[in-house]
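Number of protein chains: 2
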Amino acid sequence: MIKFYDCQPAPSPRRVRIFIAEKGLLDKIEIVQVDLRGGQHFTPEFARINPHCTVPALELDDGTCISESIACCRYLEAAFPEPPLMGRNAKEAGVIAMWEHRCEWDGFIGGAEMLRNTAPGMKDRGLTGPISFEQIPALAERGRKRIAWVHDFLDKRLAESEFVGADIYSVADITALIAIDFAKRQKIAIPESHKNLQRWCDQISARPSSKV
Amino acid sequence: MIKFYDCQPAPSPRRVRIFIAEKGLLDKIEIVQVDLRGGQHFTPEFARINPHCTVPALELDDGTCISESIACCRYLEAAFPEPPLMGRNAKEAGVIAMWEHRCEWDGFIGGAEMLRNTAPGMKDRGLTGPISFEQIPALAERGRKRIAWVHDFLDKRLAESEFVGADIYSVADITALIAIDFAKRQKIAIPESHKNLQRWCDQISARPSSKV
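One line per chain: the protein sequences are A and B, in this order. Throughout, the numbering used here is defined as the position within the first sequence, counted from one, plus 1. Throughout, the numbering used here is defined as the position within the second sequence, counted from one, plus 1.
Isolated chain A (complex conformation):
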């Protein structure tokens, strides 16, 4: 049985957890909680599974480890094609990947820049992984500005499209939701003027997968 290394409160593994739920695989994959707060990802036991010391990660039956959120999704999409979450044809695949990457880059990373460079509990944890990186306080402000930009471009996108990536729900909606929710946890709400984004957010948040 495939193992999914998760951490319930963290935004990054939530991307893959939602993907698993949307694929209807919650009871076909073993979910293992990793205690990030307690540093379990830095233990020799976990480093043997994923030397990059991050979650999410998948462990296949033959022991292969796949880490990085988008790579976990890519594996699952190929192994369990239905329902398609990464595009039904070449154009959709490209456009969805574009929006997914934009939401990760400015949205998710923007949120991470805010959190990791200010939280006292994240001293020397400016970036994920086994190497220590000092906090850079100026990144918190940059992260805030990136999130504002994500709010703006998503609101514009959602004026012309029901979903972020295509005319069906996709992994781009998942990464966008994670970015928006991560920002909310840091007290950055969707601006009131952004009606399209709010409409989309209400709709996506109501899906059962958003609550797993």
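To be clear, the hints were calculated from the coordinates, so they are not data collected in a lab. You may find that some hints are simply not true.
Said to hold, decoys possible - Calculated pairs, DSS-like style, for lysine-lysine (alpha carbon to alpha carbon, straight line, at most 25 Å):
1. A:K196 with A:K146
2. A:K157 with A:K196
3. B:K124 with A:K146
4. B:K4 with B:K29
5. B:K4 with A:K92
6. A:K92 with B:K29
7. A:K29 with B:K92
8. A:K124 with A:K185
9. A:K92 with A:K146
10. A:K29 with A:K146
11. A:K185 with A:K157
12. A:K146 with A:K124
13. B:K146 with A:K124
14. A:K92 with B:K92
15. B:K92 with B:K146
16. A:K4 with B:K146
17. A:K146 with A:K157
Since the structure of chain A is already known, use the hints to place chain B on it.
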């Protein structure tokens, strides 16, 4: 005919240019040079094509724009499957995506952090895109440290594998090469002790696609 918006000297569009070359598509796609130094990506004409004001970008026959390097590759892989550069089965697809993302994240982004946060010509261009971001000098040092980490993990990976992503050449090798070469341009060479990485770099650099 598909258009590819390129900028010959820049590392990011080179990822897609190499991908196009490996697919044998150099004479089937129209390549349009965008003058980044002259600010052509910020003109209203280019913003109509890609509102995020970045290259690389593809423009399909129906006018659809696909930007973000990995999304351009994803489209091309689906539209022109041979030779496969993103995995021949689910496991390969996942493992290649993992290594590709790691090389982008710490390698390519590490290089960008160094360049964008120090070069006088990149004042207020701390990040790509239409929004101005101030330079954060501390990121240059962080970028340098990330590149050292990439050199280390790639050398280890290439001790056990001929290629970065799988036992065939893939998009993970492309992104790794771009990251290594971007670092070299900033005077960070592969450490002499990293024989596996140097062996791989010599081999990949000798491919015709690496010279386009």
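K29 of chain A paired with K146 of chain A [C-alpha distance capped at 25 Å]
40 Å, violated
Take a quick look at whether K4 of chain A and K146 of chain B sit within 25 Å of each other, Cα to Cα.
At roughly 32 Å apart (the allowed maximum being 25 Å), K146 of chain B and K4 of chain A break the hint.
25 Å Cα cutoff - pair K29 of chain A, K92 of chain B
Between K29 of chain A and K92 of chain B the Cα gap is close to 17 Å, so the pair holds against 25 Å.
Below or equal to 25 Å on CA atoms is what counts here, so check K92 of chain A against K146 of chain A.
30 Å, violated
For the pair supplied as a hint, K92 of chain B and K146 of chain B, is the alpha-carbon distance within the 25 Å limit?
Roughly 31 Å between the alpha carbons, so the hint for K92 of chain B and K146 of chain B is violated.
Taken at face value, is the distance from the CA of K157 of chain A to the CA of K185 of chain A at most 25 Å?
20 Å, holds
Within a Cα-Cα threshold of 25 Å, do K146 of chain A and K124 of chain A meet the stated pairing?
With a Cα-Cα distance of about 22 Å, the restraint between K146 of chain A and K124 of chain A holds, given a limit of 25 Å.
For K146 of chain A and K157 of chain A, compute the direct alpha-carbon distance and say whether it is at most 25 Å.
17 Å, holds
Are the Cα positions of K4 of chain B and K92 of chain A separated by 25 Å at most?
Satisfied, since the Cα-Cα distance of roughly 14 Å is no more than 25 Å.
Given the proposed pairing of K92 of chain A with K92 of chain B, does the C-alpha separation stay at or below 25 Å?
OK: K92 of chain A and K92 of chain B at ~23 Å, within 25 Å.
Tell me if the straight-line CA distance from K157 of chain A to K196 of chain A falls inside 25 Å.
10 Å, holds
Run the distance test for K196 of chain A versus K146 of chain A: straight-line Cα separation, threshold 25 Å.
20 Å, holds
Hints 9, 10, 15, 16, counting from the list given before, are not met by this structure.
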